[in-house]
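Chains W and U are the protein sequences, given in the same order. Residue numbering for the first sequence follows UniProt numbering, beginning at 1 and increasing consecutively. Residue numbering for the second sequence follows UniProt numbering, beginning at 1 and increasing consecutively.
It should be emphasised that the hints constitute simulated quantities derived from the structure, not laboratory data. Warning: the hint list may mix true and false statements.
Short, incomplete list of chain U residues facing chain W, as computed with Cβ under 8 Å [stated by the list, open to error]:
1. Ile-57
2. Leu-65
3. Ala-175
4. Ile-183
5. Ala-190
None of these values were measured; they are calculated from a predicted model. Note that CB positions come from ideal geometry on N, CA and C, so glycine has one too.
Each chain, written out:
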Amino acid sequence: MTGASVLFDAPGPKARRRSLIFSIIAGVLVVAALGWMFLTLNAPKESGGITLPGMFDASRWDIYADPEIWSFIIFQGVWGTLRAAIVAAVLAIIIGVLFSLLRSAETAWIRIPTAVVIEFFRGMPVLLMMLFILLVGSTGQYWAVVWALAVYNGALIGEALRAGLVSLPRGQREAGLSLGMRPLQSKMLVEFPQAFRQMLPIIVAQLVVLLKDTSLGYIVGYQELLRVTLNNLSSFYGNRYLFSLFVITWLLYLAMNLSLSWFARWLARRGDRRLRPAKGGPLPEDPSQAILVAQANAAARQSEDNSSR
Amino acid sequence: MDVVIENLPRYLEGFTVTVLLLVVSGLAALVLGTIVAAMRISPVGTLRGVATVYTEIIRNTPLTLVLFFCALILPYLGSRLPYTVAATVALAVYTSPFVAEALRSGINGVPVGQAEAARSLGFGFGQSVTLVIFPQAFRMTIPPLINVFIALTKNTSVAGGFFVVELFTVGKELANANGDAVIAVLLGVATFYLLITVPLGLLAAQLERKWVVQR
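Could you build all of it, start to finish, from the sequences and the hints given here?
Written out as structure tokens, the structure is:
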């Protein structure tokens, strides 16, 4: 229960009773649905039941207990996904740092072309970029996936970092300069570490997007989790395991993504709250939103500074 | 460059399918997302729980997996839906939690005192939402919603990987057919995507800048 929803909770016995009634209805519906599944799905076709070729069929449960299948899924599929995701994440952060520094440069000749390049990468589907690198760069599927993800997420992480730089109080830069640093030194040693730390939750949230997007490798033919389980395994064991394998794949993706996004949320909760849009609201995952929130906060802080002087 | 001009009709065909996917699944996602957002702020605990679980699960599932389910698993289980319809459903379902989160962030942006004022005037849940909260939340919701639709535009390309002939598929086929002009062909495809995403992005930034300052 977050934010404004607290207020819609009319306290008292009426609300509690209504909530209880809804809970009972929902429980009955869930039990009925599960019962319907088990009663009809395993019924033979002649009696009008649907035979779901998968997890509800007892003869196909063996796949969940087969260590060979699991080792194949984990050492080929999960490893293929993580291998691409980790390398792409490191590259994306490096590219993001470069983009944010270039885009917040004083010289217009550096700033404006960088902005155009970032807009180009942000506005184009990652899948198209993968195809582009695959056909033009002749790098092989692995590097096509890695570079496309790195460049796309690098552009977005760069925007988030720029928001962090924008949101810093101007005094930080002045302090660096007054210590005798050059502008670039002040940016790298004073401003940037603060911006990075502040934007860490948004960067991690962006890495969840990256991890999800590795599954696009399926379409360009890279051997990642989706392809290994649902293409290779099901063509080896036959389609009768397709649904079971789908469920396994889904659960593995959920395990990877949920742990990373809970980590992002934990970082955001414990970190600086200046960039959160509203109490209890979701993280501004889109960096363009983060920039505007940061700008508004910076403007508000500046007007506070001016009025207190 | 010549390749792009020669094949302009095919590009436009693919572009039409892309726009169609965007509009239909966007509208469906808007409806679904509004329902989920309403559930998430409702006073009933069960509805909130269901909506939260739905949001968490769909948001952490890759779109490729959702489309795989709709395009390959459903026919295997006996569905007879055409691929385009299946892809539209998949895109709508995948986008709906993002729409819900955008709506919720707008609703959460309304100061709590407004809801308290509505309650103290004797408004019920429905009245305080429609008369007090939503009109204020709306302006804060539009820019993030536009961002959701930008993401949806780019996501329609994934449907191209699952038997839907849209802009990405057209680009892939043209690139395979014209091995000597791959760069021009793919830059042509990118231009069509940018034609949708960049103006929408500028609009979102413009509206947000205007409204963030006013807040």
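Residue hint U:Ala-175, partner chain W, criterion CB-CB below 8 Å: Holds, because the Cβ-Cβ distance from U:Ala-175 to chain W comes to roughly 6 Å (cut-off 8 Å).
With a cut-off of 8 Å on the beta carbons, see whether U:Leu-65 makes it to chain W. Holds - the Cβ of U:Leu-65 comes within 8 Å of chain W, reaching about 6 Å at its closest.
Let's test the interface hint: is any C-beta of chain W closer than 8 Å to that of U:Ala-190? U:Ala-190 check passes; min Cβ-Cβ to chain W is 5 Å, inside 8 Å.
Under 8 Å is the threshold here; is the Cβ of U:Ile-183 close enough to any Cβ of chain W for the hint to stand? For U:Ile-183, the interface hint holds, since the closest Cβ of chain W sits about 6 Å away, which is under 8 Å.
The hint names U:Ile-57 as touching chain W; please verify it with the least Cβ-Cβ distance against 8 Å. holds, 7 Å
Of the numbered hints stated above, none is contradicted by the structure.
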